[in-house]
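**Q** Take the given structure of chain A and dock chain B to it, following the hints.
Protein chains in written order, with this note's numbering: chain A, 1 to 792; chain B, 1 to 52.
Everything labelled a hint here was simulated from the structure, so no lab data went into it.
Built from N, CA and C at the ideal position, the CB exists for glycine as well.
Fair warning: there could be bad hints in the mix.
Restraint ranges, calculated between C-beta atoms of paired labels, are given here [unchecked claim]: (1) B:V15 with A:N791: 31 to 39 angstroms; (2) A:V260 with B:L42: 27 to 35 angstroms; (3) B:W24 with A:D369: 58 to 66 angstroms; (4) B:I10 with A:L781: 29 to 37 angstroms; (5) A:P624 with B:V15: 53 to 61 angstroms; (6) B:I10 with A:H83: 38 to 46 angstroms; (7) B:L42 with A:T557: 32 to 40 angstroms; (8) B:E2 with A:L433: 46 to 54 angstroms; (9) B:E2 with A:R167: 46 to 54 angstroms; (10) A:D204 with B:L42: 46 to 54 angstroms; (11) A:S125 with B:E2: 48 to 56 angstroms; (12) B:V15 with A:L781: 24 to 32 angstroms.
Next come the chains, spelled out residue by residue.
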Amino acid sequence: MSKSCFHCGDPIPASINITSNLQNMHCEFCCYGCQAIAEHICGADLSLYYERRESSAGSRLTEDNTPIFELLDNKQLYNQYVHQTENEHVIQVSLTGITCSACAWLIEKHLGQQVGIKNIHVNLSSSVATITWDPAQASVQTIASELQFIGYAATPYLPGEQYQQSRKEKKKAIIRLGIAGVGMMQVMMSAIAMYAGDLQGMDDIYRQMLRWISFIFATPVVMYAGWPFYKGAVRDLKNHHFTMDLPVSIGVLLAFGSSVLALYTQTGHVYFDSVTMFIFFLLLGRFLETIARTYHIGAHQQDALAAVKIKLKNELKTIPQQQLKAGDTVIIEPGQTIPVDGVLLSNTTSVDESSLTGEYTPITKRQGDRLKAQTINIEQQIEIHVENVGQNTHAAAISRITERALGDKPKVAIVADKVAHYFVIAVLITASLTYAFWSYMGESEAYWIMVSVLVVTCPCALSLATPVALTTITNTLKRNGFLITRGHVIEALANTNHIVFDKTGTLTQGNFSITDVTCFDLSLSKEQILSIISGLEQHSKHPLANAFCSFIPANVTQIKNLSSLGVQGILDQNTFYFGNSSLIQNIGLSVPKCDGANAAELSLYLANTQHVIAKITLCDVLRPETESTIKALKQQGIRVSLLTGDTLESARGILSSSWFDDFKTNCLPDEKWQWIKEQSNHNILMVGDGLNDVPALAGATTSLAMGASSDLAKLHSDAILLSEHLSTIITAISSAKRCRKVIKQNLIWAASYNATLLPLAIAGLIPPWVAAIGMALSSLLVVVNATRLTNV
Amino acid sequence: MESLFLLIPIAGIFVVIAIIIFIWAVKGDQFDDLNREGERILFEDDDTDKKL
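Chain A extracted, bound-state conformation (with noise of 0.2 angstroms):
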């Protein structure tokens, strides 16, 4: 078994010996980068972050994103960013790499010890840290580049308005929810002491002072609590489109006026406490969904400043990114991901397109080639002139096709709303024709009766079945990884009977791994190959250079980048090459004949002058529960489709066509929308990770993105896979159909409830307080029935 990095808890292969003793404790690394975090983290007396942090993935050294700050030196865009009082400055900024609690607790004390610093305040829920500092004694390039020494990247950061806005409704929000739990609490204090005096006995003049102490408490909450409520339901008015808003409403005022009026009379029954927990459980489910919704989801990322530098004049310059315009050249360094969509000035580079196409493959491109925004520039600095910004670019086009996608949805009728429009209808006639009824007949309590009727019918359990139910399993498979952040998910996901798999970070890990290695000197070992890889690739941007850093890098000097073919170097004065095998060939070598070539692998080449040492071979992996998750659908009689950007020949590689039921390559995001409009079924469930996903996850049914995908692949998913781990959608889905079913035993009870009581209380046979008090119990019946759904 392979030992994990003390910090970043990734495998350490065989050949690495990086240690440290920190702490008196014995600690090994997977790099000197992690190395060097964590010892600048116990050197400064930090080290409770590792005892206290949830998993063991630490962040690692990141892109320097410290040149971002330089921009601040500009006096309009530092008075922008930075508030500023007489001695102390305030920034925001947004964080990449935070996790869990630990890092925010190790940012706040790291930078806490520094000088200069006066507070600061991270955020987990957002990533973001608001800094105070005294600009006398530190500056915000300090800051920036102290979080940089500890592993996180930081940019500044302006709340925009949409994201101000959501706040303070959240901040509503809570209060409305804080005032219908202890308004709730208080109202059932009194009811209890009531009950109890309709068995025991109770002087009037108590009882009345119980009633007026319920009315107090529960004013507010019908009041100001239950608000959405009648909004939606005003809303619902005009639309001529009823949902639970208006039953919910009718309900909850009917009971609230006929308990006032029962308090000012002292006749009748007071309901005050049913409808106080009637409002709090209904907000608290609505609440809880609000949060999901939100959660994970970098919407804010767009307020952040970025920095791009262009050349103006033969003069570089640094300048906010929203400030460029068509025309400009813009340089970008290797790694950075291009901003505009454009022309490339420069000889040649590669670009990792996989946002836009999801091949991870990075591409050649030479001079006048258009380059695309959002795609990643790895090899070289290249100038691009710049031909479309924002609103115009590549990937914005993709971002109008979502939301076209959007707008066809297949709606998932949500039975509940759907039951409520009839059932509005059918309650009111009810009353009323008994009420008429029993006018007529010269009943003297004919009032009461109707009110009896309206509180046997209020829909409490049937409009609490339903979302009790979603909440609980809501926050369940949270716990296993699997975010819902809309409504209808679980009803879909139930009825799921076909899934779509994107490949390419959905059923693979997304980046390269060294498969093979093969020798043809025998006098050096792999490790010793390795190594020398591992030296020649270890300032490289390239994608590839990643399955090797985990390896000691050797000593290499004099390191230089063969556009588009590969990279040499100088180790111990002898020229060593390493790359494809149009390198081997250009440096003319022969390229050693090799078998069973696979069209998903790619084979690189490590050469010296005189011959070929060795072909390593590279392939993007299956994730390891790929397979038996694939079978596992199937099992369960689940049609399973894979739609991908890859070439035929690629997802032949590593995938078996036989695993599924369709087989779509060379699909464009476009193309994979329109597929699945096409099929006749509407169960689908799309599974996807990149940009070039989003327009198929807006438009299937139900659609779910992985944890690493990009903001906007998250943003237009139903539910995120936090966990990555492709055996939770199984779970899902059977917890879904549990669900679905204690949802049914739910509704079945309460209708029969309300349907047996109907002709009882028509009949005038119950008092008003019967009728409350199984109101109360056939409602608790319901929420204890959703628990169940708490284990998996």
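**A** Quick look at chain B alone, frame taken from chain A:
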């Protein structure tokens, strides 16, 4: 039993005070980060241990 006429309203006043404090806390951003505050106590504890 007459004491109830005094005690229950007093209890009510406490509830009102609690709600006011709650609203004040929400407005002061104390509920901004529901994922973190629950665990903060774990960290602070260890800190004081070290100082002792």
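**Q** Compare the structure with the hints numbered earlier in the document and write down the numbers of the violated ones, lowest to highest.
**A** 2 and 7
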